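Q: Since the structure of chain A is already known, use the hints to place chain B on it.
Number of protein chains: 2
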Amino acid sequence: MTTDAELLAVAAEEARIGAEEGGIPIGAALFTRDGRLLGRGHNRRVQDGDASMHAETNAFRAAGRQRSYRDTVMVTTLSPCWYCSGLVKQFGIGRVIVGDDQSFLGGQHWLAEHGVEVTVVNDPALIATMGAFIHDHPDLWNEDIGEE
Amino acid sequence: MTTDAELLAVAAEEARIGAEEGGIPIGAALFTRDGRLLGRGHNRRVQDGDASMHAETNAFRAAGRQRSYRDTVMVTTLSPCWYCSGLVKQFGIGRVIVGDDQSFLGGQHWLAEHGVEVTVVNDPALIATMGAFIHDHPDLWNEDIGEE
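Protein chains in written order, with full-length UniProt numbering: chain A, 1 to 148; chain B, 1 to 148.
Hints were generated in silico from the structure; no laboratory data involved.
Just so we're clear, the structure is a prediction, and the values are computed from it rather than from any experiment.
Heads up, a few of these hints could be off.
On the chain B side, residues computed to face chain A include the following (Cβ under 7 Å) [to be verified]:
hint: 1; residue: R61
hint: 2; residue: R65
hint: 3; residue: S68
hint: 4; residue: D71
hint: 5; residue: W82
hint: 6; residue: S85
hint: 7; residue: L87
hint: 8; residue: K89
hint: 9; residue: Q90
hint: 10; residue: F91
Derived contacts from chain B toward chain A, CB cut-off under 7 Å, selection only [stated by the list, open to error]:
hint: 11; residue: A51
hint: 12; residue: T57
hint: 13; residue: G86
hint: 14; residue: G146
We put the beta carbon where it would ideally sit given N, CA and C, even for glycine.
Looking at chain A on its own, in the form it has when it is part of the complex (with noise of 0.2 Å):
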């Protein structure tokens, strides 16, 4: 059996990725209930100018055309915004690992309030992470939450 621990490190490996590639550092992957990789990405704002992809829905897209998403859990460096969040509700993702809540707050409770099982597992490396990246680059990060 796969750990949540295992899951979020591939998450983290993606967060990782975008940082080396100059893009905000988020990371995301879409895994069966049993621990099977669907599909993972990070945040493309920064490398292709992309605005609509978030670390959760390049996971999203790469894990391609799918028929049911119950089974599947939705693994995070960070707090899913309510874009993420409402991709979550829509196609039924049936588990979220959240890495981090702490540098940012998006639409976790509402999912949990609407049946989806959310874990927080508030890893020190992520929040560290996150946290020297939103100090560092306000107008970026709030560029990709739509801040003011």
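A: Just chain B now, kept in the frame of chain A:
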């Protein structure tokens, strides 16, 4: 001044293009409040095998990186699903024009409760097009909204 009908016509043209490509006939466009087109697009599930590209997310993507969405208008031929409603909420898009909320009802009331100006047109031609598509392609339609 650009009328709502003129804005909706751009989204409707995108829906037509999508249908001609053999795709799901939903179109959208993002405008400034004073009618300048920022981006337009349509559902790309069939054409690109891309589950992440709903009409609204495709139009949002085509608009590129924007610093503020407060004075923008998302025009869509169909009521935005939760994924696309989450997009509108997260990025603070100020207004949504819905061409049809009879074939499908997404998160538009939730958006209105959160201060988004929502205008519903219910254009008979759009309702007829979407109704026929759902009738003729129930599996594809259900896949696009995550229904099993």
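Q: Please go over all the hints and tell whether each is borne out by the structure.
A: Results of checking the hints against the structure:
A least Cβ separation of about 4 Å between B:R61 and chain A falls short of the 7 Å threshold, and the interface hint therefore holds. Taking 7 Å as the C-beta contact cut-off toward chain A, the hint placing B:R65 at the interface holds, the least distance being around 5 Å. Given the 7 Å rule on beta carbons, the hint for B:S68 holds: about 5 Å separates it from the nearest Cβ of chain A. At a threshold of 7 Å, the smallest CB-CB gap from B:D71 to chain A is about 11 Å, leaving the interface hint violated.
The beta carbon of B:W82 comes within 4 Å of a beta carbon in chain A, closer than 7 Å, and the hint placing it at the interface holds. A hinted interface residue such as B:S85 counts as satisfied when its beta carbon comes closer than 7 Å to some beta carbon of chain A; here the least separation is about 6 Å, so the hint holds. Against a cut-off of 7 Å between C-beta atoms, the interface hint on B:L87 holds, since the closest Cβ of chain A lies about 5 Å away. Interface restraint check: B:K89 against chain A, minimum CB-CB distance 5 Å, threshold 7 Å, status holds.
Given the 7 Å rule on beta carbons, the hint for B:Q90 holds: about 4 Å separates it from the nearest Cβ of chain A. Given the 7 Å rule on beta carbons, the hint for B:F91 holds: about 4 Å separates it from the nearest Cβ of chain A. At about 5 Å, the closest approach between the beta carbon of B:A51 and any beta carbon in chain A falls short of 7 Å, and the interface hint on this residue holds. Evaluation of the B:T57 hint against chain A yields a held restraint, the C-beta minimum of about 5 Å falling below 7 Å.
About 2 Å separates the beta-carbon of B:G86 from the nearest beta-carbon of chain A, less than 7 Å, and the hint is met. Annotation: B:G146 was flagged as interfacial toward chain A, and the flag holds, the nearest CB pair being 4 Å apart, inside 7 Å.
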